[in-house]
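Colleague: Listed below, chain by chain, are the residues.
2 protein chains.
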Amino acid sequence: MKSTREILLERRTIRKYTSDPVDENLLLDILEMGCRASTTGNMQVYSIIITKESDLKSQLAPLHFNQKMITEAPVILTFCADFNRFNKWCKLRNAEPGYDNFLSFVTAAIDALLVAQTVCIAAESNGLGICYLGTTTYTADKIIEVLKLPKGVIPVTTVTLGWPADNPEQVDRLPLNAVIHNEVYMDYENEDIELYYSEKEDRSDSKQFVKENNKTTLAQVFTDIRYKKADNVHFSNVLLQVLKNQGFFNQ
Amino acid sequence: MKSTREILLERRTIRKYTSDPVDENLLLDILEMGCRASTTGNMQVYSIIITKESDLKSQLAPLHFNQKMITEAPVILTFCADFNRFNKWCKLRNAEPGYDNFLSFVTAAIDALLVAQTVCIAAESNGLGICYLGTTTYTADKIIEVLKLPKGVIPVTTVTLGWPADNPEQVDRLPLNAVIHNEVYMDYENEDIELYYSEKEDRSDSKQFVKENNKTTLAQVFTDIRYKKADNVHFSNVLLQVLKNQGFFNQ
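Respectively, the protein sequence lines represent chains U and D. At the far end of the first sequence sits residue 252, using this note's numbering, and the numbering has no gaps. At the far end of the second sequence sits residue 252, using this note's numbering, and the numbering has no gaps.
It is worth saying that the hints were derived from the structure and are not from the lab. One should not assume that every hint holds.
The list makes no distinction among identical chains, and a pair is therefore deemed to hold if it is satisfied within one copy or across any two copies.
Computed cross-link-like contacts, BS3-like style, restricted to lysine-lysine with a CA-CA straight-line distance of at most 30 Å [said to hold, decoys possible]:
| # | residue 1 | residue 2 |
| --- | --- | --- |
| 1 | K229 | K245 |
| 2 | K92 | K53 |
| 3 | K230 | K245 |
| 4 | K208 | K143 |
As the structure is a computational prediction, the values presented were derived from the model and not from experiment.
Pulled out of the complex, with its shape left as it was, chain U reads as follows (with noise of 0.2 Å):
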């Protein structure tokens, strides 16, 4: 059996499964072990979809930028920040929430999130691959309707479950100094930049990758390929729209 360190230390993201479904009572199990991240006031403000149909399943895929993940992984999991259960609870009991706001909403975000990397780490402990999916928050609008997510209930993140068919080697971080900061921030100067980010920039993967693209430097592929303004700024605005519909904007 593997130690916990070895399981987070050699982790790698799994795009390819096999077509072998993931057992009931291990999925369940697997979740059990998420549901004990810590939350918020003990309040649970999230909710798990689990897709593992056809049909449901194709209809997220172009939700996912038709990411082969969505369709060949045998379980998909959508977690969601998740008000509308808990302000049922409140009405039911004569108390009235006051949950209808943005911190209500980031609240709720990080009860999903943290559940969400606990269930990735319980999965990955028993053998398992992940994959997130960060286009949930792109298209929160689309995946609310495939979902039948009432108001209050906003999806954060998607994660593909599957066991491997597949053991890529694993990728590069930049160096821990790069990320941590003694007592408080200290800002970075140009050579900092320089020497944190020269393995990563200097490796063939990363230098294939620019020539493909037809750019000059790593960063560009980012700025102008991946991550774009234009689409950052056309998806900001999508969320925040999702945010008023769902019903937490009413600061």
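Guided by the hints, dock chain D onto chain U, whose structure is given.
Modeller: Structure of chain D alone, referenced to chain U:
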């Protein structure tokens, strides 16, 4: 050695710590494990501020409503959404970053929270205890001042870390069925709410809590005392202003 399953299922939030320090190498090892967590496009748009100095802890204490853990824990970790480092890299590499918008804040906050939870699990697997402080998003404006966070950086959550001086009982959770949905969201009927919240409401500590606070239902303790609408509205506006000031609201 405990299995990951035992670590996750048996976890408790620890609010009392011994005076023993956390060894520097152990802390770095835990942070290294944390940084293997999934991150959007491998951008690592987060930073972790490690605060140990008692003067700084005293400055942070009132911003966390003087919860004792802040001054008593040997280590305080503030997890931040951080596009500042990435933006500096882009500018140094002739690339124009477009990350001054709401979506980019959410992306960076997700990154920060997945790292935070991985750090917590890594810590717990080493016998350390942790406590999340939800106050971070309430007083982000003042935490930014104390920790000298530049534009592009917003604190998202804070974790106190140390050796447990306490072995509290594990707190309750809703039944798993209350938070999971198969295929699509199944909205709650009154009978569902009754079923899912009955165990929590019937606990002697819940009943004591209602009595102490002179309320008639447990839900009222949340709506009228712990998480009041007026506070939520106030802190929503503070947090939205922080997003604007830190350069995340230009969509």
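Colleague: Output the numbers, in ascending order, of every earlier hint that fails for this structure.
Modeller: 2, 4
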